[in-house]
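Between the sequences and the hints, there should be enough to build the whole structure, so can you do that?
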Amino acid sequence: MYYARGVADVTPEFIRGCGCSALLLDIDNTVSRVDAPEATREAEAWFDTLRRADIPMAFVSNNDPERVEPFARRYGAKYVSHAQKPRREGYDRAAQALGHAPDACMVVGDQLFTDILGGNSAGMQTVIVEPLCEAEDPVAFRKRRRLEKLLLRLDRLLCARRRKIGGSQNENHVSHRL
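Using the numbering used here, you'd call the opening residue of the sequence shown number 100 and step up by one each time.
Worth double-checking, as some hints may not be accurate.
Quick list of simulated restraints, FRET-style, between CB atoms [unchecked claim]:
#1 E112 <-> K242: 30 to 40 Å
#2 L250 <-> R186: 16 to 26 Å
#3 T148 <-> Q195: 17 to 27 Å
#4 A144 <-> R245: 13 to 23 Å
#5 A200 <-> C232: 32 to 42 Å
#6 D147 <-> K242: 34 to 44 Å
#7 D134 <-> D202: 26 to 36 Å
#8 G222 <-> P136: 31 to 41 Å
#9 E112 <-> E229: 14 to 24 Å
No wet-lab data here; the hints were simulated from the structure. Please read all numbers here as calculations on a predicted model, not as lab measurements. Positions of the beta carbon are idealized from the N, C-alpha and C atoms, including for glycine.
This is the structure we're talking about:
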């Protein structure tokens, strides 16, 4: 698992440097605010960069198709809705839709217990990003986020080998998988 401040820190060079050639993405609080109809400006610019670098994308979401399909259409991606994250089947379906083996896919998401756990269980590289807006999270998510923050802090303290990507804090340490 890798850590990044935001999606823009996950560059095509980084993706390929990890041995990956496709990207599987969460939507809410990763590339878009919850219930916003489109991605943030930063994410839109990032999607353009990924397209120019020929890195195929798929959205993997527990949301309904009515939420996920417009993102896929707008940003030229495949999608899996009702993915039942953290179960690996949604990730496997997304990799298959892109024509890539699971170990050639990188997952980017903001939740440890869904995005990262699911991607790791499917044998994929994973990057956890800081959520765009925690205040919008429902109460249950906020409780889970507190636990995630605690576990991530413990991971950073206990793991001598980790990797933080992007920004001025690029330390180039390699992370373990959770």
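So, going through the hints one by one against the coordinates:
For E112 paired with K242, a C-beta distance near 37 Å keeps the hint of 30 to 40 Å intact. Distance hint check: the CB atoms of L250 and R186 are about 20 Å apart, consistent with the given range 16 to 26 Å. The hint said 17 to 27 Å for the Cβ distance between T148 and Q195, and at roughly 25 Å that hint holds. Checked against the given bound of 13 to 23 Å, the beta carbons of A144 and R245, roughly 31 Å apart, lie outside it.
For the pair A200 and C232, the supplied restraint of 32 to 42 Å holds, since their beta-carbon distance comes to about 34 Å. At about 36 Å, the beta-carbon gap between D147 and K242 stays in the expected band of 34 to 44 Å. Between D134 and D202, the C-beta spacing of about 33 Å keeps the proposed range 26 to 36 Å intact. Separated by about 33 Å at the C-beta atoms, G222 and P136 satisfy the suggested range of 31 to 41 Å.
For the hinted restraint 14 to 24 Å between E112 and E229, the CB-CB distance of approximately 21 Å keeps it satisfied.
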